[in-house]
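Participant: Protein chains in written order, with our numbering: chain H, 10 to 341; chain S, 191 to 658.
Simulated from the structure, these hints should not be mistaken for laboratory data. Quick caveat: nothing in here was measured; it's all calculated off a predicted structure. Be aware that one or more of the hints could be misleading.
[Said to hold, decoys possible] FRET-style restraints, in silico, Cβ to Cβ: (1) H:Asp12 <-> S:Gly231: 47 to 53 Å; (2) H:Leu248 <-> S:Pro316: 39 to 45 Å; (3) S:Pro628 <-> H:Leu163: 15 to 21 Å; (4) H:Glu151 <-> S:Ala605: 50 to 56 Å; (5) S:Trp619 <-> H:Leu248: 41 to 47 Å; (6) S:Ile481 <-> H:Thr149: 55 to 61 Å.
[As the list claims (entries may be wrong)] Derived contacts from chain H toward chain S, CB cut-off under 7 Å, selection only: (7) Ala85; (8) Leu278; (9) Gly282.
We treat Cβ as the ideally placed atom computed from N, Cα and C, and that holds for glycine.
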Amino acid sequence: MIDLTIVWAAIIGFAIIAYVVMDGFDLGIGILFPLFAVGKDRDTAMNSIAPVWDGNETWLVMGVGGLLAAFPLAYAIILPALYAPMIAMLLGLVFRGVAFEFRWRDPAHREFWDRAFTAGSVVATFAQGIALGALLQGITVEGRAYAGGWWEWLTPFSMLTGLGLLVGYALLGACWINWKAEGGLQQQAVTYAGRLGIALLVMIGAISAASLTLEAQYSQRWLSFPGVLATAQVPLATLIVTFLFYRALRLRKDAQPFFWALGLFGLCLVGLGVSIWPDVIPARVTIWEAAAPYRSQVFMLIGAGIMIPIILAYTAWSYWVFRGKVGHEGYH
Amino acid sequence: MIEQEWAIILARAQFAFTVSFHFLFPAFSIGLASFLAVLEGLWLKTGRGVYANLYRYWLKIFAVVFAMGVVSGIVMSYQFGTNWSVFSDKAGPVIGPLMAYEVLTAFFLEAGFLGVMLFGINKVGPKLHFAATLAVAVGTFISAFWILSVNSWMHTPVGYEIAANGQFMPGDSWWTIVFNPSFPYRLVHTLLAAYLTTAFIVGAVGAWHLLKDRTNLGARKMFSMAMWMATIVAPLQILAGDFHGLNTLEHQPAKVMAMEGHYQSHPDGAPLILFGIPNSAERQVDYAVEIPKVSSLILKHDLNAPLAGLDTIPDADEPPVGIVFWAFRIMVGIGFAMLSIGLWSLFARWRKQLYDWPLLHKCALAMGPSGLVAVLAGWVVTEVGRQPFTIYGLLRTADSASPLDAPAVAASLAAFVVVYFAVFGMGIWYLLRLMQKPPEAHEPELSDAPIRTAGVTPAAAVLEGEPK
Numbered sequence: 010m011i012d013l014t015i016v017w018a019a020i021i022g023f024a025i026i027a028y029v030v031m032d033g034f035d036l037g038i039g040i041l042f043p044l045f046a047v048g049k050d051r052d053t054a055m056n057s058i059a060p061v062w063d064g065n066e067t068w069l070v071m072g073v074g075g076l077l078a079a080f081p082l083a084y085a086i087i088l089p090a091l092y093a094p095m096i097a098m099l100l101g102l103v104f105r106g107v108a109f110e111f112r113w114r115d116p117a118h119r120e121f122w123d124r125a126f127t128a129g130s131v132v133a134t135f136a137q138g139i140a141l142g143a144l145l146q147g148i149t150v151e152g153r154a155y156a157g158g159w160w161e162w163l164t165p166f167s168m169l170t171g172l173g174l175l176v177g178y179a180l181l182g183a184c185w186i187n188w189k190a191e192g193g194l195q196q197q198a199v200t201y202a203g204r205l206g207i208a209l210l211v212m213i214g215a216i217s218a219a220s221l222t223l224e225a226q227y228s229q230r231w232l233s234f235p236g237v238l239a240t241a242q243v244p245l246a247t248l249i250v251t252f253l254f255y256r257a258l259r260l261r262k263d264a265q266p267f268f269w270a271l272g273l274f275g276l277c278l279v280g281l282g283v284s285i286w287p288d289v290i291p292a293r294v295t296i297w298e299a300a301a302p303y304r305s306q307v308f309m310l311i312g313a314g315i316m317i318p319i320i321l322a323y324t325a326w327s328y329w330v331f332r333g334k335v336g337h338e339g340y341h
Numbered sequence: 191m192i193e194q195e196w197a198i199i200l201a202r203a204q205f206a207f208t209v210s211f212h213f214l215f216p217a218f219s220i221g222l223a224s225f226l227a228v229l230e231g232l233w234l235k236t237g238r239g240v241y242a243n244l245y246r247y248w249l250k251i252f253a254v255v256f257a258m259g260v261v262s263g264i265v266m267s268y269q270f271g272t273n274w275s276v277f278s279d280k281a282g283p284v285i286g287p288l289m290a291y292e293v294l295t296a297f298f299l300e301a302g303f304l305g306v307m308l309f310g311i312n313k314v315g316p317k318l319h320f321a322a323t324l325a326v327a328v329g330t331f332i333s334a335f336w337i338l339s340v341n342s343w344m345h346t347p348v349g350y351e352i353a354a355n356g357q358f359m360p361g362d363s364w365w366t367i368v369f370n371p372s373f374p375y376r377l378v379h380t381l382l383a384a385y386l387t388t389a390f391i392v393g394a395v396g397a398w399h400l401l402k403d404r405t406n407l408g409a410r411k412m413f414s415m416a417m418w419m420a421t422i423v424a425p426l427q428i429l430a431g432d433f434h435g436l437n438t439l440e441h442q443p444a445k446v447m448a449m450e451g452h453y454q455s456h457p458d459g460a461p462l463i464l465f466g467i468p469n470s471a472e473r474q475v476d477y478a479v480e481i482p483k484v485s486s487l488i489l490k491h492d493l494n495a496p497l498a499g500l501d502t503i504p505d506a507d508e509p510p511v512g513i514v515f516w517a518f519r520i521m522v523g524i525g526f527a528m529l530s531i532g533l534w535s536l537f538a539r540w541r542k543q544l545y546d547w548p549l550l551h552k553c554a555l556a557m558g559p560s561g562l563v564a565v566l567a568g569w570v571v572t573e574v575g576r577q578p579f580t581i582y583g584l585l586r587t588a589d590s591a592s593p594l595d596a597p598a599v600a601a602s603l604a605a606f607v608v609v610y611f612a613v614f615g616m617g618i619w620y621l622l623r624l625m626q627k628p629p630e631a632h633e634p635e636l637s638d639a640p641i642r643t644a645g646v647t648p649a650a651a652v653l654e655g656e657p658k
């Protein structure tokens, strides 16, 4: 019989990947936003994500809602442990979401809403990166509850992962602009993508190296023989994808660099999986310890099995509708 | 007070604040989605331009309201975990799947059809567009269905088993859990409340424009439709509220005792306390204005039926009387004021004065936000009346909270208050600006704006569609 706990871990993992793939680039555009020229360039950048960004954020709700339903214990431990970053992320997303709309509504205060858009994007991204770092470095769990203080997440390592995610999302944003924009704005995006690619590689290296010191489990997974023969493929693949990314960038490809950048993210997630599988809270709680009972898993699986493909089909369709370059008029 | 108690009070305040702010938007948008469906249906059926114009007029407002509802709703999905983690751990296996269904089914319908509804009429044609409008209306209903099922289960928990680790586990039938005893009543009462909220906002906007120009066709039509709604739904709502109250008496008697202000038991018929000041220290209602035996008549349909009071409830299980007592009177008072407006409008219609009775219009205008107030008051009655439990009778609020320090919760509460008032205050101001414009004979379309994939709708694009 199929282990539904693994199925649900896969579904939650998929929601997280879908979120990073889809919301990463539009948060990245928010991060890069102040660097674009006021006026047409900013409008184009904004228009390139206008039709899709809110659908993208649905996956965030799906991820956390699924976590509550499928792994309630993990939900109950992780959210209090990450209290400050989570609240900051939510407020950032609220601010960013409305700023996005109000900038068109209120031209007199557009400069203000543009800043709010960037601030919201940076805060939300940084908070997500911190959350990742805080989970990796290990949170204090006693019994069925979080037992640390409300600043436990704040360490040099979590700052590093926060910074890493800022760089990563900014790279995705630059690649998206390269795909969707033309002329000077596209050129600008290519320049940023080139620099951010290097920066991301440095960040990945630093975070990977630092993470090996965090838990014995991580270094053992990565470095012990003969497993190292398999795990060494991940950094190797990272270098290959980086090479392909720069090659596509040099050849002036529109879409390719974006997908190679996503490939880098994918390899990071594979690396994460190597370190923590099968834990839902790294080195603390396994997916089986946190799993909801069989009846809950089955009941939800019926709904997820029907609805997720439909949602994906719709999402794909809406991206198809808005394919190609954003014109000067944009979609507005 | 010890720090842990402060942390819980702050967490409760934060949840109350964010959920109240959130609730205002769906309370309005559920009814508005149906109103839009009716308008478009009438337009397709009659071909009359006034319906198409009203549709476009209210669609702009709908877009902004819906956006704020979604943004404030995302916060709620995290707050169960950030602030009520013990509750989430224990109740997750039961309520989690219901909430997941809300995300999967309601978000899907909204994602699929909101974009078409907002911008797609020229792309898909009127019939498919009407289907999209209906789908969005149904989507708001489905969303309400699941979240109210969760909420009702917390009031009347059934169909669960308790595991060795203390978690609530689903029993053999999800049907029992979803359709728990208070759910049908709460669903009907809440949906009718949403319809009334919308009716009175629409009526107030119509009245405002009638006061300035009684010949405006759109204003006349929206006022007339809103008043029909008030005339028909207000009495139904009072009836539904009565049934909901009887259901509450059966399952949560302490809540009804607090609503009625019955500190003491009344073995031979309980009085209906109209007004008074609950005095929990003295266990009595000061300065009470009461009608003898009528409470027994309402609750037991018998003047002399005995009615138990809070003296039969252990002190540790007693809800805060004052808040419940007052919130209940605000809700009921507004309900009867709505009924009066509905009847008055019927009388005005009969005298053929519906559009030329400024006093009626002024009263309807004053009643504009009344639905929102009543909805919040009703919510306070039911939620505060459930205290001191989160899962009624089984899990105490004090045992549900996250292990957080009070300063952490205080800081987040302050941040929510500042951001919500700034951001949503701005959004509400934009809404009022939209409502201030009279409905035009040729309301512009929203045709050239983007299709959205889900949730937050493009206030910007919508608003840009206005006449320049």
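Participant: Against each hint, give a clear statement of whether it holds in the structure.
Facilitator: Consistency of the hints with the structure:
1. H:Asp12 <-> S:Gly231: 47 to 53 Å: holds (49 Å)
2. H:Leu248 <-> S:Pro316: 39 to 45 Å: The hinted range 39 to 45 Å is violated for Leu248 of chain H and Pro316 of chain S, with Cβ atoms some 56 Å apart.
3. S:Pro628 <-> H:Leu163: 15 to 21 Å: violated (54 Å)
4. H:Glu151 <-> S:Ala605: 50 to 56 Å: violated (28 Å)
5. S:Trp619 <-> H:Leu248: 41 to 47 Å: violated (53 Å)
6. S:Ile481 <-> H:Thr149: 55 to 61 Å: holds (59 Å)
7. Ala85: Hint on Ala85 of chain H: holds, closest Cβ of chain S at ~4 Å, below 7 Å.
8. Leu278: At about 22 Å, which exceeds the 7 Å cut-off, the nearest Cβ of chain S leaves the hint on Leu278 of chain H violated.
9. Gly282: Violated, because the Cβ-Cβ distance from Gly282 of chain H to chain S comes to roughly 23 Å (cut-off 7 Å).
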